[in-house]
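Trainee: Using the sequences plus the hints, can you model the full thing?
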Amino acid sequence: MNIPSARLVHLLIGKSILETLLVGGLAVFSFMTILPPYFHGWGEVTSSGISGWVVNNGEPWERVEVQLFVDGNFVTDGIANQLRPDVAAAGWARDPWHGYTFRLTSLSPRYHEARVYAVHDSGAGARKSLQLVGDGIVFFVDENGILSQLPSQ
Amino acid sequence: MKESSPAEVSIGLAGPALSRGLAWWEIASVVTSCLIAEWVALSFAGSSKVITLIPVLLALGLIIFSHRERGEGLRDVGFRTDNLMAAGRLLWLPTVGVVALVIALGWFSSHSLSVAPWRNRFFVLPLWALFQQYVLNGFINRRAQLALGSGLKSIVLVAAIFGALHLPNPLLAILTFVGGLVWATVYQRQPNLFALALSHSVSSIALALTSSPKLLDGLRVGFKYFG
Numbered sequence: 001m002n003i004p005s006a007r008l009v010h011l012l013i014g015k016s017i018l019e020t021l022l023v024g025g026l027a028v029f030s031f032m033t034i035l036p037p038y039f040h041g042w043g044e045v046t047s048s049g050i051s052g053w054v055v056n057n058g059e060p061w062e063r064v065e066v067q068l069f070v071d072g073n074f075v076t077d078g079i080a081n082q083l084r085p086d087v088a089a090a091g092w093a094r095d096p097w098h099g100y101t102f103r104l105t106s107l108s109p110r111y112h113e114a115r116v117y118a119v120h121d122s123g124a125g126a127r128k129s130l131q132l133v134g135d136g137i138v139f140f141v142d143e144n145g146i147l148s149q150l151p152s153q
Numbered sequence: 001m002k003e004s005s006p007a008e009v010s011i012g013l014a015g016p017a018l019s020r021g022l023a024w025w026e027i028a029s030v031v032t033s034c035l036i037a038e039w040v041a042l043s044f045a046g047s048s049k050v051i052t053l054i055p056v057l058l059a060l061g062l063i064i065f066s067h068r069e070r071g072e073g074l075r076d077v078g079f080r081t082d083n084l085m086a087a088g089r090l091l092w093l094p095t096v097g098v099v100a101l102v103i104a105l106g107w108f109s110s111h112s113l114s115v116a117p118w119r120n121r122f123f124v125l126p127l128w129a130l131f132q133q134y135v136l137n138g139f140i141n142r143r144a145q146l147a148l149g150s151g152l153k154s155i156v157l158v159a160a161i162f163g164a165l166h167l168p169n170p171l172l173a174i175l176t177f178v179g180g181l182v183w184a185t186v187y188q189r190q191p192n193l194f195a196l197a198l199s200h201s202v203s204s205i206a207l208a209l210t211s212s213p214k215l216l217d218g219l220r221v222g223f224k225y226f227g
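For the protein sequence lines, the chains are A and B, in the order given.
Position 66, counted from 1, in the first sequence is what my numbering calls 66; the numbers after and before it change by one each time, with no gaps.
Position 163, counted from 1, in the second sequence is what my numbering calls 163; the numbers after and before it change by one each time, with no gaps.
Hint data in this document are derived by calculation from the structure and do not stem from the laboratory.
Quick caveat, the model's predicted, so the values are computed rather than measured.
Do not take every clue at face value.
Within a straight-line C-alpha distance of at most 27 Å, the following computed DSS-like cross-link-like pairs (lysine-lysine) qualify [stated by the list, open to error]:
#1 B:Lys224 x A:Lys128
#2 B:Lys153 x A:Lys128
#3 A:Lys128 x B:Lys49
Mentor: Shown next as structure tokens:
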């Protein structure tokens with residue numbers, strides 16, 4: 001058996017680099033496909049529920065599907081397609097129809113945390129992913145069922 | 001002081017430690033390509049066979065280049081017929097044993113012998129088996145012998161690699177480890193890839209025909225094992 005030259009080492013290094021690029025490229029592609037970082041939005045407490053807005057900057061005209069979770073449990077879902085002229089005026093969206101409102105009833109009187117997620121389809125509907133929009137919203141429900149935001153929020 | 005020429009630099013690879021290290025690196029590189037194809041490409045690229053082919057072609061390119069660099073011809077690797085009968089004599093008994101074991105496994109797992117329908121893909125199985133044996137023994141076994149010498153250590157290494165590449169399917173990993181031990185042992189005595197491919201094909205077809213799909217999860221390995 002012949003003694004291999006340094007070219008074999010060069011090939012091994014080159015192959016390693018190519019495979020690293022392949023794995024890295026696939027990781028980035030998959031992340032961009034399944035969890036695209038294009039969703040922006042915000043949510044806040046109103047006296048009767050949670051309101052906010054969501055925009056998909058990758059597809060600015062899309063009306064984003066949103067899901068509401070309270071204390072980690074799914075509550076309801078909807079489409080962020082309500083009028084929010086302030087969002088467009090502030091430059092967050094190209095048109096004003098990106099608002100959502102969830103009415104919350106029958107919550108026990110205590111502190112709760114709401115989280116609103118943007119739903120994203122990939123793989124022609126084979127996969128659905130959820131991405132948190134804004135931050136978790138801690139709120140208080142009093143004996144009359146009225147919601148109030150924590151003073152710090 | 002005289003400067004060293006590239007030719008003199010390449011002589012550095014002739015040192016025993018460097019040569020062993022290079023053989024280890026070649027084995028690791030090919031195994032990594034297999035793992036990328038099984039676990040990464042399939043999981044990230046899904047049904048895109050082109051993406052899965054990239055690591056396979058990279059590994060094949062390395063293997064062929066390495067053969068050229070080390071002056072290994074087809075005959076050295078095991079594409080030959082002069083020792084076909086000698087290799088066959090070593091292989092027939094273990095192969096019959098494996099087939100009997102597979103049938104017994106199918107019988108005891110479901111208390112009946114369910115014969116699965118013949119599939120057209122079985123016709124290409126000998127080619128697939130030949131390719132696997134070429135990579136496993138024609139390359140990895142030869143490099144393992146460079147790294148660890150002939151004998152038990154290199155045989156166990158080859159079998160462990162073959163078994164590990166069939167994870168996370170536990171039963172298939174065990175069966176391929178056993179098969180790997182037999183094929184690597186025979187290859188070190190009589191390097192003939194055609195005989196190994198025949199034994200591999202017969203064992204695989206017996207496994208596919210007689211074992212329940214539930215037992216071996218459809219012979220799936222890597223990311224595909226999960227569905």
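Trainee: For lysine 224 (chain B) and lysine 128 (chain A), compute the direct alpha-carbon distance and say whether it is at most 27 Å.
Mentor: holds (20 Å)
Trainee: Lysine 153 (chain B) and lysine 128 (chain A): Cα distance at most 27 Å?
Mentor: violated (48 Å)
Trainee: Between lysine 128 (chain A) and lysine 49 (chain B), does the CA-CA distance stay at or below 27 Å?
Mentor: Holds. Lysine 128 (chain A) to lysine 49 (chain B) sits at ~23 Å (cutoff 27 Å).
In summary, the one numbered hint that this structure violates is 2.
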